[in-house]
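S.K.: Spelled out, the chains give:
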Amino acid sequence: MLSGIYGLLSASLFVVLDAVDVAFTEAAVGAGISTILMLTTLAITGRYELSRPSIRTRIGLLLVLVIGVLLIYGTLGMPYFGMPENPANGHVAAYYLENTEQQIGIPNYVTAVLASYRGFDTFGELVVVFTAGVAVLALLPHSRDGFVVDDMQPMKHHLILRITSKLLLPFILLFALYVQFHGDFGPGGGFQAGVIFAAAIILYSMLYGLENAMQVISFPVIRFCAALGVLLYGSVGIVSMLKGGNFLDYSVLLETPVAGQHLGILLIEFGVGLTVAAVMVCVFFTFTGSVVSPAKSARVVAARDGEKTQGAP
Amino acid sequence: MTDNVLWIDILSGILVLSGSFFCFSGAVGLHRFPDFFTRMHAASVTDTLGAGLVLSGLMLQAGFSLVTLKLLFILLFLLITGPASSHAMAKAALHSGRKPLGEHIRIDIPAMSREDDSSGGVKSKP
Amino acid sequence: MLTAAVIAIVVTMFLALLRAMAGPSLYDRILAVNMFGTKTVLFIAVVGFLMGRPMFLDIALVYALMNFISVIAILRFFEYDKRGEINHDR
Amino acid sequence: MNFETQWLQTFFGLYNYWIVVALMMCGLFIVITDGNLIKKVVGLTIFQTSVFILYISMAKVTGATAPIQIEQGTAVYSNPLPHVLILTAIVVSISTTAVALALIVRIKRAYHTVEEDVIQRWDVKKRRSEKRSKPFHE
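Chains as they are written, first to last, in the numbering used here: chain A, 1 to 313; chain B, 1 to 126; chain C, 1 to 90; chain D, 1 to 138.
Keep in mind the hints are simulated off the structure, nothing from the lab. Heads up, a few of these hints could be off.
[What the hints assert, rightly or not] Selected chain D positions facing chain A (in silico; Cβ < 7 Å):
1. 8
2. 19
3. 23
4. 31
5. 33
6. 81
7. 95
8. 110
9. 119
10. 124
11. 127
12. 133
Think of the CB as a built atom: it goes at the ideal place given N, C-alpha and C, for glycine as much as any other residue.
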């Protein structure tokens, strides 16, 4: 019905377009986590769908074509692709490119803009991620310290996969840490590292079952970490205010502005990584926890059908 | 000195080109072969071989640096995960009741492992 | 030379994509997706060299990792789904 | 400059937007025609990706390199600002997708289906029966 190939393709497009940081994120998110979440939902809801009346398709096609032609007509007034003097490349972007070296002192411009110049935006995004995690927890049932684990069978018969993955896991975690702390210099940073870390835990829990994964990293700890990351980010901002700067102005954190920026970026990237990883793992656990076993599902369906046949006459 | 560099360039060129040729032949195999198991045999074997060749060609070009190390990691990772995932796929397909084409293939559990071995050992012809 | 390699890899990716769309069975699709992922790893590595900034191999590494994980995920959830298929039959 | 070269110039100047438009329309098409809620979410994801590509392609400067400083010498870099926006947007989009999927799981629990029209039919039926039974209760 669908495949995760889409995320792979769009990420390689981003590499060609020079957006290495974005490609990194898209590779981790689009190809990994979102595919896994979709698949889990499919496992819950079933793969089959009804066929639609074709009139609806035709009307939709017509509408889409009209809008598409209008949009293409609209693009005729847009600036050409790849020109340096395009309006998008003026204004603040040029300022960032010029001043990052003296003001922030890290080579990765994307991280500099993300964590320092636009730190407040990123804080907002992080809060959105956190809120989404809370919303998923609120929507799907779970008991206070974990679930009544009604997990599907871990992949017991895939012995080779289990051994291989166990071999790879420490390296994946190490790689996540590398991405986390190397984000100032190369592509990477808190968002990407968080997703990779989460992917490692998801891999473990897919192969060894939810219960085992929860023994490694328990559910209250995950929720605590999710909140802790946001708290860390916010408190860096508060501390910089107490030290006499603006909210999230790291220059005042240490003696020299550049050192302060380094510390600030390190701390908030850590906060971002913590929250993103925790929210992703938490969402996955909640989803997998609500996959009911075939037997139970069959019971539910049987009960429903019984209800129907009773109600019909 | 320059002679050495030239030789390394030529060698890495040969490796990269032959690697991409194997990739391509794998893709052709993926299209031309009749059923899932033959396709998998084309795809997985050439995947591992092609990736290995291309990456080692790039490694020769990178010289001795962090880039080489990263390439080495990618190569190791692919070498470990590629066969493991194709093994898992073949196993899942076999368990789902799909049978390889052919007249006298007995499907039982020991035969399954032999099946995997033989598909790993034989080189595909493009 | 690198350009030739890139072209070959792109053609390979395209063929794998076709197989993923045409693939008669689920397993053909998974196989094609897996192949596509490996080729993407190679593509990113070679393009990095082609553009003269080969520092971006981290992305390729992440890619290899995510490809592996998503193949496992697909296998896991669809094997499960097969066993539970009775429920969804319409 | 004759007509053909002008056309070609337009094409190579704007093809990125056209790709974006095509993708966007694919997403929109799925969202409005498909009744399966999961497919609707997939459509939304495609729509989102088209917006990502729009931003990233606007940031591209021909001949420039990725916005990570090169040790020696100067270079032209692509615009880092859209990259930042999209980087966070991707992570936010996965979170919102997760919320949407959680809602779908709840809907599946409540209605035992994820087909939009079936759900609507159920709702209508329920409302009718409620209406019918109301005076009865009063």
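S.K.: Hint by hint, say whether it matches the structure.
M.R.: Here is how each hint holds up against the structure:
{"no.": "1", "hint": "8", "in the structure": "violated, 12 Å"}
{"no.": "2", "hint": "19", "in the structure": "violated, 9 Å"}
{"no.": "3", "hint": "23", "in the structure": "violated, 9 Å"}
{"no.": "4", "hint": "31", "in the structure": "violated, 9 Å"}
{"no.": "5", "hint": "33", "in the structure": "holds, 4 Å"}
{"no.": "6", "hint": "81", "in the structure": "holds, 5 Å"}
{"no.": "7", "hint": "95", "in the structure": "holds, 3 Å"}
{"no.": "8", "hint": "110", "in the structure": "violated, 12 Å"}
{"no.": "9", "hint": "119", "in the structure": "violated, 12 Å"}
{"no.": "10", "hint": "124", "in the structure": "violated, 16 Å"}
{"no.": "11", "hint": "127", "in the structure": "violated, 17 Å"}
{"no.": "12", "hint": "133", "in the structure": "violated, 14 Å"}
Checked against the numbered hints above, the structure violates hints 1, 2, 3, 4, 8, 9, 10, 11 and 12; every other hint is satisfied.
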